[in-house]
Structures are given as C-alpha cells and as structure tokens.
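Student: Please work from the sequences and hints to get the whole structure.
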Amino acid sequence: MQRFRHSLLLLTLLALGYVAGQSGLLAPRGLSAQNAAAPQGPSEDSVGKITSGFDAIKTAAASLKREGRYTQATSGMNLFAVSVGGLDVKGDLEKGRGVDPETFAALYAGLATVEIQEHIAKDSQGRVTYKGKVVQMYPIRRLTQLFKERLKYSGEDVNP
1 MQRFRHSLLL
11 LTLLALGYVA
21 GQSGLLAPRG
31 LSAQNAAAPQ
41 GPSEDSVGKI
51 TSGFDAIKTA
61 AASLKREGRY
71 TQATSGMNLF
81 AVSVGGLDVK
91 GDLEKGRGVD
101 PETFAALYAG
111 LATVEIQEHI
121 AKDSQGRVTY
131 KGKVVQMYPI
141 RRLTQLFKER
151 LKYSGEDVNP
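No gaps in the numbering here: position 17 of the sequence shown is 17 in my numbering, and each next residue is one more.
Certain hints may be false.
[As the list claims (entries may be wrong)] Calculated pairs, BS3-like style, for lysine-lysine (alpha carbon to alpha carbon, straight line, at most 27 Å): (1) Lys122 <-> Lys58; (2) Lys133 <-> Lys95; (3) Lys122 <-> Lys49; (4) Lys95 <-> Lys122; (5) Lys58 <-> Lys133; (6) Lys152 <-> Lys49; (7) Lys49 <-> Lys65; (8) Lys49 <-> Lys95; (9) Lys148 <-> Lys49; (10) Lys58 <-> Lys152; (11) Lys65 <-> Lys95; (12) Lys148 <-> Lys58; (13) Lys49 <-> Lys131; (14) Lys95 <-> Lys131; (15) Lys133 <-> Lys122; (16) Lys65 <-> Lys131; (17) Lys90 <-> Lys122; (18) Lys148 <-> Lys122; (19) Lys49 <-> Lys90; (20) Lys90 <-> Lys58; (21) Lys90 <-> Lys152.
The set of hints was computed from the structure by calculation and includes no laboratory data.
Tutor: Next up, the structure:
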C-alpha cells in the first residue's frame with residue numbers, strides 16, 4: 001500500500017509539472033532593465049563637443065593639406081591621418097606600402113574617392129585590391145610609429 005501511495009504521488013507530481021509547463025504557468029516573464037522610451041544617441045552636450053572637435057580637425061586637415069602633408073584616398077575626413085600629423089595615403093596606396101586603419105576600413109566600406117574607385121576591385125577571396133594588388137594595412141612597425149606620433153600631439157601619456 002505504501003508503495004502504491006508513493007507511485008501515485010510521483011505520477012501526480014509529474015502530471016502537475018507537465019500541465020504547468022504546457023500552460024506556461026511557471027514560464028519566466030520578460031523583464032526590462034530600462035524604460036522603453038530611453039533616449040538614443042549622445043546627449044546634446046556631447047553632440048556639441050563632437051561637432052566642435054570635428055570643426056577643429058577640419059581646420060587641422062586643411063592646414064596639413066596646404067603643407068602637402070595630407071592626401072586622402074577616401075571620401076570624408078581621415079581622422080587617423082590628421083591625428084598623426086598627416087599622411088600621404090594616396091601615395092602609399094599607389095606605391096603598395098599599405099594604408100592606415102581608417103583608410104583600410106573605408107576602402108572595404110566602398111568609400112574610395114572617384115579617382116581611386118576606378119582601380120578598386122575584389123579578388124576571389126573578397127579582399128580589396130588596388131590596381132591588382134591586395135590592399136593591406138601599414139606594417140606593425142609603421143603603425144607603432146604613427147601611434148607614438150599621435151600620442152605626442154594628443155598630450156596623452158606615452159606609457160600608460
């Protein structure tokens with residue numbers, strides 16, 4: 001008799017668990033960590049500072065261009081090239097010496113200038129090519145040198 005009660009209790013618990021699972025009775029409810037109407041994007045204060053920063057960078061880019069230290073191969077401003085004191089990206093691309101990270105990303109995003117775009121293609125592996133040569137980033141040694149140069153202009157600590 002005792003064994004029968006235990007079996008009946010076990011079957012009852014299994015049946016209750018099955019019914020609760022099928023009905024969603026014990027299913028977790030969705031939780032929201034934030035209000036659904038949370039603002040998107042940076043604050044107005046941050047937008048103003050970003051805009052001011054871009055204005056200063058545009059001025060620096062124009063100055064570097066006048067000095068012959070800034071040529072670009074992509075549309076838009078190359079913040080990396082300006083932040084390191086200028087680069088001849090077009091010349092580096094022509095000579096197959098590699099490009100800076102921002103130009104590399106922009107070329108993959110299809111943002112080459114019209115003059116450069118006519119020589120851009122992709123190889124069988126999906127890599128961007130310029131005049132038949134795979135576009136690569138600058139060698140690590142050159143990137144290291146450029147980042148040190150940028151630290152010099154930014155006033156950041158060279159040894160964090």
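Student: Each of the hints needs a verdict: does it hold here or not?
Tutor: Checked hints:
1. Lys122 <-> Lys58: Measuring from Cα to Cα gives roughly 31 Å; hence the hint is violated.
2. Lys133 <-> Lys95: holds (10 Å)
3. Lys122 <-> Lys49: violated (38 Å)
4. Lys95 <-> Lys122: holds (18 Å)
5. Lys58 <-> Lys133: Not OK: Lys58 and Lys133 at ~31 Å, beyond 27 Å, violated.
6. Lys152 <-> Lys49: holds (22 Å)
7. Lys49 <-> Lys65: With a Cα-Cα distance of about 24 Å, the restraint between Lys49 and Lys65 holds, given a limit of 27 Å.
8. Lys49 <-> Lys95: Violated - the C-alpha atoms of Lys95 and Lys49 are around 38 Å apart, more than 27 Å.
9. Lys148 <-> Lys49: Judged against 27 Å, a Cα distance of about 25 Å means the pair holds.
10. Lys58 <-> Lys152: Roughly 19 Å separates the two Cα atoms, so the pair holds.
11. Lys65 <-> Lys95: Given that 27 Å is the threshold and the Cα spacing comes to 20 Å, the pair holds.
12. Lys148 <-> Lys58: Holds, at about 22 Å.
13. Lys49 <-> Lys131: violated (40 Å)
14. Lys95 <-> Lys131: holds (11 Å)
15. Lys133 <-> Lys122: Holds, at roughly 10 Å.
16. Lys65 <-> Lys131: The hint holds at about 25 Å.
17. Lys90 <-> Lys122: holds (18 Å)
18. Lys148 <-> Lys122: At roughly 32 Å apart (the allowed maximum being 27 Å), Lys122 and Lys148 break the hint.
19. Lys49 <-> Lys90: Roughly 30 Å between the alpha carbons, so the hint for Lys49 and Lys90 is violated.
20. Lys90 <-> Lys58: holds (19 Å)
21. Lys90 <-> Lys152: holds (24 Å)
The structure fails to meet hints 1, 3, 5, 8, 13, 18, 19 from the earlier list, while all remaining hints are met.
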